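Take the sequences, apply the hints, and build the full model.
As you go down the protein sequences, you meet chains V and G in turn.
Quick note, in my numbering, the first sequence goes up one by one and the last residue is 198.
Quick note, in my numbering, the second sequence goes up one by one and the last residue is 198.
Since the hints were made in silico from the structure, they are not lab data.
None of the values given here were measured: they were computed from a predicted structure.
Take these hints with a grain of salt, some might be off.
Identical copies carry no separate label here, and so any pair may be met within one copy or between two of them.
[To be verified] Derived lysine to any residue pairs resembling SDA-like cross-links, with alpha carbons at most 20 Å apart:
| no. | residue 1 | residue 2 |
| --- | --- | --- |
| 1 | K24 | E96 |
| 2 | K10 | T49 |
| 3 | K10 | E42 |
| 4 | K38 | T49 |
| 5 | K10 | N54 |
| 6 | K24 | R90 |
| 7 | K158 | S168 |
| 8 | K10 | D66 |
| 9 | K81 | M129 |
| 10 | K77 | K100 |
| 11 | K10 | G46 |
| 12 | K158 | I170 |
| 13 | K10 | N88 |
| 14 | K10 | E96 |
Number of protein chains: 2
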Amino acid sequence: MDYYSSQITKLIEELSKLPGVGNKSAQRLAFHIINMPKEQVECLAGAITSAKANIRYCMECYTLTDQELCPICSSDKRDHKIIMVVENTRDLAAYERTGKYEGVYHVLHGAISPMLGIGPSDIRLKELMLRLQRDVQEVIIATNSSLEGETTAMYISKLVKPTGIRVSRIASGVPVGGDLEYIDEVTLLRALEGRVEL
Amino acid sequence: MDYYSSQITKLIEELSKLPGVGNKSAQRLAFHIINMPKEQVECLAGAITSAKANIRYCMECYTLTDQELCPICSSDKRDHKIIMVVENTRDLAAYERTGKYEGVYHVLHGAISPMLGIGPSDIRLKELMLRLQRDVQEVIIATNSSLEGETTAMYISKLVKPTGIRVSRIASGVPVGGDLEYIDEVTLLRALEGRVEL
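Pasting the structure below:
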């Protein structure tokens, strides 16, 4: 790509390493950045380096945060006896957006996947088991409804059950507002199996 | 979004200002960046600031470059008597990728658009006319085949014709490999009008 100057080529290269950014989008982003006001460019570059430099794992739930203990783990308004297990910080954020969950979280940073060679020791499972030695009433497993998520959920429930702590799994079924016609058979069967009395 | 730490929120905010990056993609990008190795993050941030700091317009053709004169304008292998007029540096790059064009370029940085309030004085047209005072044989107009691109092409051809310099427009028609069945009527009519004898 020597028809661009080396600086532009370098920027396009760096941008196209990001997930979901192909060569075309990287070019569009690069030219947009070059045309942005200087202060805004510095804000963007600054946010990137400072997020990387200051973000670490919460020592309790392992979500990404800039303090030792994340705002949720350090809040006394949350019920620390209920732990929701999620695959990553984005899933935690999704439940936080509902504004209705009052317990705390545990972020695994992945899911068990024999296909990808990710075993139980590659995710934050040991750390979860350590937390269960304290006073915990319930573990809610909110891993994704994918093969890996389900495998992880099964694995965790087998580990937790012997401790006597209640283990639950978030419900799987037809999404609210979903049109049955467009929903896959597996989900429809799950919704049927999980039916609740009215 | 106080369920993320302020550093993450700030990064997501900055990323979602980029074109084609919505809130969801900004979150995905942010977490990807946080998980990238430190050196790679610094490369990305560095490429952003240094591209912005060092990129300027070529004093001849106005493409984006890091030198006074871009590699194309300073090359003696190119035919400086043939100027292809394009809307932006990405369009220039598209023609350079063909590897067959031997003339030079002129980058307008936009197209005339009465709808968006972009007039002839808002794009690099005056600069093009100045270049035509030197020894130029042909101006090839390669603006997009959109309403704005066509308007700009017409406007330029009217300006250039009185100078006696040859003006041409890149052909409009059915794309190579295109299936007639799926091509719009306007393109089909254009292709018919522009038919060439075999």
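Tested hints:
Taking the shortest alpha-carbon separations for K24 and E96, only the inter-copy value of 15 Å comes in at or below 20 Å, while the best intra-copy value is 35 Å. Taking the closest pair of Cα atoms, K10 and T49 come within 20 Å of each other both inside a single copy (18 Å) and across two copies (11 Å). Proximity of K10 to E42 under the C-alpha cut-off of 20 Å is found in both arrangements, the shortest distances being 17 Å within a copy and 13 Å between copies. Taking identical chains as interchangeable, the C-alpha atoms of K38 and T49 lie at most 20 Å apart whether they share a chain (17 Å) or sit on different chains (9 Å).
Within a single copy, K10 and N54 get their C-alpha atoms only as close as 26 Å, which misses the 20 Å cut-off; across copies the closest is 12 Å, which meets it. In this assembly of identical chains, K24 and R90 lie within 20 Å of each other by CA distance solely across copies; the values are 10 Å between and 27 Å within a copy. Taking identical chains as interchangeable, the C-alpha atoms of K158 and S168 lie at most 20 Å apart only when both belong to the same chain, with a minimum of 12 Å there against 74 Å between chains. Only between protomers do K10 and D66 lie at most 20 Å apart by alpha-carbon distance; the minimum there is 12 Å, versus 30 Å within a single protomer.
For the homomeric pair K81 and M129, the shortest alpha-carbon distance inside one copy (14 Å) is at most 20 Å, but the shortest distance between copies (75 Å) is not. For a Cα distance limit of 20 Å, the shortest separation of K77 from K100 inside one copy, 12 Å, qualifies, whereas the shortest one across copies, 68 Å, does not. In this assembly of identical chains, K10 and G46 lie within 20 Å of each other by CA distance both inside one copy and across copies; the values are 18 Å within and 10 Å between. Taking the shortest alpha-carbon separations for K158 and I170, only the intra-copy value of 16 Å comes in at or below 20 Å, while the best inter-copy value is 68 Å.
With identical chains, the CA atoms of K10 and N88 are at most 20 Å apart between copies only, with a shortest distance of 19 Å across copies and 31 Å within one. Proximity of K10 to E96 under the C-alpha cut-off of 20 Å is restricted to the inter-copy arrangement: shortest distance 18 Å between copies versus 38 Å within a copy.
This entry satisfies every hint, going by the numbered hints stated previously.
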